[in-house]
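A.B. asks: In the order they appear, the protein sequences are chains A and B.
Residue numbers for the first sequence follow the working numbering, so the first one is -3 and each next one is one higher.
Residue numbers for the second sequence follow the working numbering, so the first one is 1132 and each next one is one higher.
Bear in mind the hints are in silico, worked out from the structure with no lab data behind them.
Take the hints with a grain of salt, since some may be wrong.
Think about it this way: if two alpha-carbon atoms lie no more than 27 Å apart in a straight line, the pair counts; the simulated DSSO-like pairs of lysine-lysine are [as the list claims (entries may be wrong)]:
1) Lys1296/B to Lys1553/B
2) Lys1296/B to Lys(-1)/A
3) Lys1560/B to Lys1296/B
4) Lys99/A to Lys1445/B
5) Lys1445/B to Lys89/A
6) Lys1178/B to Lys(-1)/A
7) Lys1178/B to Lys1296/B
8) Lys1296/B to Lys1656/B
9) Lys99/A to Lys89/A
10) Lys1560/B to Lys1445/B
11) Lys1553/B to Lys1656/B
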Amino acid sequence: MGKQLAIALRFTLVTTVLLGVGYPLLVTAVSQSLWRQKANGELIRKDGKLIGSHWIGQPFTGEAYFHGRPSAAGNGYDATSSGGSNWSPSSEKLAERVEASVKSEQAGGGDGPVPVDMVTASGSGLDPDITPFAAEYQAERVARARHADPSQMMALIAQHTQERTFGLLGERRVNVLELNLALDSEFPLASGGVATNH
Amino acid sequence: MTTNGWLQIALLFGVVLLLTRPVGLYLARVLERESTPLDRVMRPVEKLIYRLCGIDAETEMTWVEYGVALLGFSAVSMLILYLLERVQAWLPGNPEHLANVPGLLALNTAASFTTNTNWQAYTPETTMSYLTQMAGLAYHNFASAAVGMAVAAAVIRGIARREQKTLGNFWVDATRVTLWVLLPGALVLALGLVSQGVVQNLRPYETVHLVEQQSGQNATQRIAQGPVASQEAIKELGTNGGGFFNANSAHPFENPTPVTNFLEMLAILILPAGLTATLGKMTGSSRHGWAVFGAMAVLFLAAVTATYWAESGKNPLWHGVDQRASLSQSGGNMEGKEVRFGIANSALFAVATTDTSTGAVNAMHDSFMPLGGLVVMTNMLLGEVVFGGVGSGIYGMVIFVVLAVFIAGLMVGRTPEYLGKKIEAYDVKMAMLYTLIFPLIVLSFAAVSLLLPRLGLSSLNNAGPHGLSEILYAYTSATANNGSAFAGLNANTDWYNLTLAFSMLAGRFLMIVPVLALAGNLAGKRYTPPSQGTFPVTTPLFTVLLVSVILIVVALTFFPALSLGPVLEHLMLMAGHSF
Chain A
-3 MGKQLAIALR FTLVTTVLLG VGYPLLVTAV SQSLWRQKAN GELIRKDGKL
47 IGSHWIGQPF TGEAYFHGRP SAAGNGYDAT SSGGSNWSPS SEKLAERVEA
97 SVKSEQAGGG DGPVPVDMVT ASGSGLDPDI TPFAAEYQAE RVARARHADP
147 SQMMALIAQH TQERTFGLLG ERRVNVLELN LALDSEFPLA SGGVATNH
Chain B
1132 MTTNGWLQIA LLFGVVLLLT RPVGLYLARV LERESTPLDR VMRPVEKLIY
1182 RLCGIDAETE MTWVEYGVAL LGFSAVSMLI LYLLERVQAW LPGNPEHLAN
1232 VPGLLALNTA ASFTTNTNWQ AYTPETTMSY LTQMAGLAYH NFASAAVGMA
1282 VAAAVIRGIA RREQKTLGNF WVDATRVTLW VLLPGALVLA LGLVSQGVVQ
1332 NLRPYETVHL VEQQSGQNAT QRIAQGPVAS QEAIKELGTN GGGFFNANSA
1382 HPFENPTPVT NFLEMLAILI LPAGLTATLG KMTGSSRHGW AVFGAMAVLF
1432 LAAVTATYWA ESGKNPLWHG VDQRASLSQS GGNMEGKEVR FGIANSALFA
1482 VATTDTSTGA VNAMHDSFMP LGGLVVMTNM LLGEVVFGGV GSGIYGMVIF
1532 VVLAVFIAGL MVGRTPEYLG KKIEAYDVKM AMLYTLIFPL IVLSFAAVSL
1582 LLPRLGLSSL NNAGPHGLSE ILYAYTSATA NNGSAFAGLN ANTDWYNLTL
1632 AFSMLAGRFL MIVPVLALAG NLAGKRYTPP SQGTFPVTTP LFTVLLVSVI
1682 LIVVALTFFP ALSLGPVLEH LMLMAGHSF
C-alpha cells in the first residue's frame, strides 16, 4: 500500500511534467510558428487598433448595421463570460424575450415572420454568424439607413455568405462583423463610422 | 429535418464504423505490449517513466492490487489538483491574476476531473489560471482517461484469461495507453484544430474597440484567450468534456467551424467504439465485439433520430417566428444553438456527448425541447454504455452483457456462460451491485434536493417540471461521470458542490471496485467449451437481447422520475402552458 502510494506520487509528478506542461507548450510553440494569426484568435485590425475577432460576435443595434443574435453572455457579447440563457422552451421569460425581439425586428421594417435565429440566443452568446435568411430579412432596413438600394445589400450578403464546407458540413451562414465591416467600407455613413439612429 | 442533416449524421457514423476495427486492433496491440510503429519514439519514454517512478513493469497484479494502485493514483493526483487550484494566484501562468479557487469549489472540481466527469460549477474564463487549466485540468483529462482504459484492459483480460490470478499491471497499462494512444492522438488533433482556427496561446485577454460605438454602452470588448486547442483535443479524445470556456464547444474559440465540430465528434466516439473491437480481439471472438458494437449503434442511432426530430420542432409559445427549415436557415429550436452547427449538428453532438461520458456541449441542453432533453438525459441514465466513456463504456457494457447472459440462462434453465466462463452467483452479485449503486445515488440526492427549498430549489433557473429536470440532470450527469449540465442550475453552492462531488466519486470508484472484483473472479475460472445449451453472444439475437436488457433496467428504474420532468413538460408545453 505504502509502496503504491509512493509510486502514485512520483507517477503524478512525472506525467504532469510531460502531459501538463510539455505537451501544451509544444502545441503552443508549433501553433505560434505555423498559424500565428489563427492561434491568437484571428484578431482584426483597422487603422492600427484592434476592432474585433473574426470568430467573436459583437453587439450591433443601430438601424444602419446588420444585427447579430440576442446574446446571453454577460450583459451581451461579453467574451469573458460566454454562455447561453439556459431557459427552457416552456419558460415564460424566454417567450417574453422572443416576443420583444420579434417586435423590435418587425418595427425595423422586416416583413413577415422573423427568422428564428434573430430571436434566439446562441449557446456561446458570442455566435459570430446569422443565417442568410436573417441577413436578407434585414436588408431593406439597412439599405434605407445607408441610402442604398436593397438589391445592393442582397449582393453584399451573397458575397459574404459562407457555404457549407465541401457542400456538406455545417450550415450556410453570414459572419455579421465581416458583413458590417464591408458595409462600412462600401456604403460609409456620413458621420465618420458612427451609426445614426433614426 | 433535411436530407443534408441526415447525410451529415450518416457521414459521422460511417467514419466511426470504418475506424472501429483498425483502432480497436491497435489498442489491443498496445495493451498486449506488442510492437507498433510508435515504439521507436515511445519505448525510451516508457522505460524512463518506469525508472523514475520505481515501477516494476514485469510484475502482474491481482484485482485487489490493481484496485489499490488505481485508487492510490486517483487519490494522490486529485489531492495535487486540489492544492494547485488553492494556490494558483501565487504561481506563474496566470496573466489575468485570477484568485485562488475557494475550498468547496476546488474540491468539487478536483473530484470532477479525477473521475473523468468534468462537471464545471465555475466559469473558467474568470476562475482558472492558464497553469491550472494545463497542468491541472488538462492533465487529468489524460490521467482519468488512462485510468478508464486500464480498467477496461483488466476486465477484458479477466474474460480472456483462464485459471489465472492476475489482471495485468495498472502502471504499465496507464503508461502505455497514455504514450501510445492519448498523447499522440491529442497532439495530432490539437494541431489540426489550431489549423482550423482554435486558439492556442498564453497571452493575456485582448481588448478590442467595438465597430459600432453607441452612447451609454461599452465601447470595448474583452476577449478571453488561452491554451485552448491542447485542452480541447484531449477533452474530446478522453471523453472528458470540461470546456476551456464556460460555453464549452459552443464557444467559437473552442469549435469555430463545421470541420472542427466533425473532428471533435469523431474524437469523442472513436476510442469507445474501437474498444468493442479490442474486446473482440483480446477474447478471441471478434464477432462478439461486433455484436456489442451493434447494440451500441442501435441505441445511438435511435437517440440521434429522436433528438434531431425533437429539436426540429416548433415552440407553440412563440408567435411571429419562422422556424421552418429551408435552404437559408436550419429552423427549429435555435435557442442555445449556434448558426454554424444548426439543428442537425447540435442534435448529433448532444447525443455523442451524452452517449459517451464526455459532457462537452456545442449547444445548451437546458434549452432543448422537452423530448430532446429527455433523450440526452436518458442516454446518461443508460449508464454511459452506448459507446460510453473511454474504458468505462466497455466495462459498463460487460456488466450488461453478464446480466443479459444471466437472463438468457434463466429462460432456458441452464447455467449461463459468457465466452466459455460460467456466470455464477458471485458474478451476478457484482453486476447487480454495479447496476444498483447508480440509481441509488441519482434518485436519493435528486429527491432530497427537491425537498430542500433553501439548499436545493433556490438554485433553479427554470420553474415547473423543467426545474425537476434540472436537478435530476445534475445528479445523473455527475454520477454517470458525464459532466454536461442543464446549466441554468446554479451548482456553485455548498450543497451542490459537496453532494455532486460525492456523486462523482461514488459513481466512478464505487463502481470500478465491483467491476474489478468481477474481472478477477472471471480470470480464475476454468474454460467450459460451448455446448448445445450455450446462448451464443455473437449473434444479432444476442444484440437484441442486450439492447432489451439495457432499456428494461433503465425504464423500470427511472421512468417515474422522467415522467414528472421532461414528459410532463412536453405535454404541458404542447397544450400551450408556460412556467
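A.B. asks: Among the hints numbered above, which are violated by the structure, and what are their numbers in rising order?
C.D. replies: Failing hint: just 10.
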